[in-house]
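Novice: Protein sequence lines, in the order shown, are assigned to chains E and Z. If you're matching positions, the first sequence starts at 226 in my numbering and goes up one per residue. If you're matching positions, the second sequence starts at 461 in my numbering and goes up one per residue.
By construction, these hints were calculated from the structure, which means they are not laboratory data. Every residue gets a Cβ at the ideal spot worked out from N, C-alpha and C, and that includes glycine. Some clues are possibly wrong.
[Unchecked claim] Listed next, the stretches of chain E that the computed footprint assigns to chain Z, with coverage defined by at least 3 CB atoms under 8 Å from CB atoms of chain Z:
hint : segment
1    : 232–244
2    : 254–261
3    : 270–284
4    : 287–294
5    : 309–322
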Amino acid sequence: MEFKTSEGRIEIDAKRTGSAFTHEGMTIHTGDELWLEIDGRKHKAVATKVGDVWWVHVNGHTMQFEVIEPGASSSDDEGGLSAPMPGKILEVHVSEGQSVKSGDVLMVMEAMKMEHKIVASSDGKVESIHFREGDQVPQGAELLSLGE
Amino acid sequence: MLKRTLVANRGEIACRILRACREAGIEGVAIYASNDAGTLFTELADISVQLEGEGLAETYLNQEQILQIAIDTGCDSIHPGFGFLSERADFAQAVMDSGLIWVGPSPDAITKMGDKMTARITMKEAGVPVIPGEEVTGGLDEVLQIAPSVGYPLLLKATAGGGGKGMRAVHRQEDLESEARAAMREALNAFGDDRIYVERLLTGSRHIEIQVLADKYGKTIHLGERECSVQRRHQKVFEESPSVALDAELREAMGEAACAAARAVFYEGAGTVEFLVTPDGEFFFLEMNTRIQVEHPVTEMVTGVDLVREQLRIAGGQPMSCGPLNMRGHAIEVRLYAEDPSNNFLPAIGELKKFIAPSGPGVRLDTGVREGDAVTPDYDPMLAKLIVWAPSREEALQRMGRALDEFVVLGCTTNVRFLRELCTNQDVVDGWTTTDMIDRLWPDGWNPNISEQMSNAGLLVAAACESTNHGRVLTSSGESSAIPSPFSTINRRFP
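Work out the full structure, taking the sequences as your base and the hints as a guide.
Specialist: Right under this line is the structure:
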């Protein structure tokens with residue numbers, strides 16, 4: 226089984242015995258409640274699925290694991306810069322075809338009454354700009370795309 | 461005595477005030493925007509009225525509409541909570557002009573304290589020490605002209621401001637112009653007023669505030685301090701009382717200064733005087749918040765005073781019920797924000813699919829949300845406040861850590877883990893909390909400290925849940941309800 230996390234893709238092959246699953250010396254007992262056994266100690270876990278993402282709480286940690294369907298392509302939206310939240314574009318600092326360096330401010334947007342800088346994650350060239358100053362943008366909208 | 465109070469607020473603080481009203485035998489009226497329909501605070505009120513319109517300006521900031529609802533529902537008073545209209549002198553005046561009681565200080569006190577420059581002047585005259593800085597009355601040019609004489613690092617603040625909006629720290633002259641433009645723009649958007657002023661940023665200092673209470677019978681007291689130094693983006697995340705930086709002598713000096721500040725504007729009700737305290741124990745007036753404060757619970761826990769109840773009592777014309785100050789034990793509050801601390805504390809949204817609050821001795825949760833609620837970008841990302849009390853600071857930190865470990869929030873990213881790690885951070889444990897500590901401790905941003913074993917455990921849980929369709933309700937269409945249980949009938953007869 227394969228998942229995507231903020232660290233990248235990760236695979237797990239757990240051994241199933243009835244409603245229990247074992248991996249690297251840890252056992253999880255599934256049912257109405259989730260009990261995790263690590264080194265002979267039991268920890269209660271809570272998990273819920275939102276869309277394709279499993280949210281897991283165990284021992285004071287909250288983690289997210291996105292299920293990757295077998296055979297799904299691994300194309301990540303690299304180079305695309307998307308709006309972290311719904312908001313409004315305040316400033317556009319670059320124009321199409323312009324070369325930018327990693328860390329350059331490309332746009333400034335307002336979301337939840339705070340200003341956020343949209344910063345280039347790598348060196349490259351601005352291929353296209355999808356919004357203008359004053360535009361409202363939904364969450365996840367690709368604001369502009371960077372090429373090599 | 462108040463009889464019916466309209467609470468002109470939403471979320472967590474509306475819940476807090478409506479509960480206090482219920483306890484005091486006062487009927488509570490809630491107002492809510494359409495996107496708040498069905499949320500917790502609307503259920504805690506005796507009467508709930510939906511506001512017409514969309515967006516803040518048409519709803520929670522709509523003075524005429526709110527006042528009309530108060531009149532139509534037969535209220536004798538309005539409690540503004542914090543934020544929104546709480547520090548709007550014109551609204552306080554309009555409420556009073558309509559013959560209603562404003563649960564708060566006079567419009568004149570709000571005006572004098574709300575404008576930072578007027579406040580500085582008033583405080584100077586009252587003998588309360590103020591921060592060295594330059595007051596700017598005219599636009600960008602004057603900011604640029606005055607900055608060098610104030611010196612770097614400096615702070616640009618919205619004159620009409622609060623809540624970190626329109627506030628910018630500038631460390632180098634070359635950043636001044638762009639930061640000043642941004643600060644003015646944020647100030648204009650947030651407060652409709654782009655005046656800003658420049659003051660020296662006192663690094664390494666603590667943000668300590670004194671709670672004051674004043675009634676109509678000439679009694680003005682202070683209820684000790686709250687230490688609110690742990691901040692991100694100039695917004696507080698971790699507050700405690702008492703502060704490790706104060707001894708009885710400094711507490712008394714600051715308490716006296718805070719009372720002098722309140723008396724200078726003939727203050728009535730609950731208010732907070734904020735000070736910056738330098739490492740040498742010098743203190744400077746920052747501002748006075750003429751309303752109940754987000755972090756008021758820590759004072760309630762250590763002093764045993766119900767501040768909201770006192771507000772209602774004082775507004776109703778009764779004397780306050782507090783005796784001499786008697787601080788006991790230690791209280792800590794953390795603010796649960798829907799935000800991603802590992803991504804520069806960017807606000808987050810989502811549905812609270814799981815929201816399991818901690819409990820146990822000494823644990824208090826002031827929440828505006830519950831499981832199943834959606835966190836939207838429409839409002840402030842603060843969801844709840846978790847407060848603990850324990851006999852000592854050490855035990856309070858341990859209790860907070862334990863409570864945060866129990867706190868399960870799934871479906872929306874929050875700062876729970878960040879708060880948890882603060883509880884064992886050496887600087888926090890040592891009491892070395894300063895306003896710049898988050899930048900100092902995590903200059904490249906914060907990331908959760910998680911062992912490989914724990915992340916493997918999480919992965920195993922996810923894999924097992926995915927394999928077993930965990931939590932998916934298998935609807936056995938009609939089967940369970942087809943055969944009625946005889947016990948349900950018996951239950952109904954003997955409830």
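Novice: The structure should be examined with respect to each hint, and the outcome stated for every one.
Specialist: Each hint, compared with the structure:
1. 232–244: holds (count 5)
2. 254–261: holds (count 3)
3. 270–284: Our answer is that it holds, as 12 residues pass the Cβ test (under 8 Å) against chain Z, meeting three.
4. 287–294: Since 4 is at least three, the answer is holds.
5. 309–322: The restraint on the segment 309–322 of chain E holds, since 5 of its residues have a Cβ under 8 Å from chain Z and three suffice.
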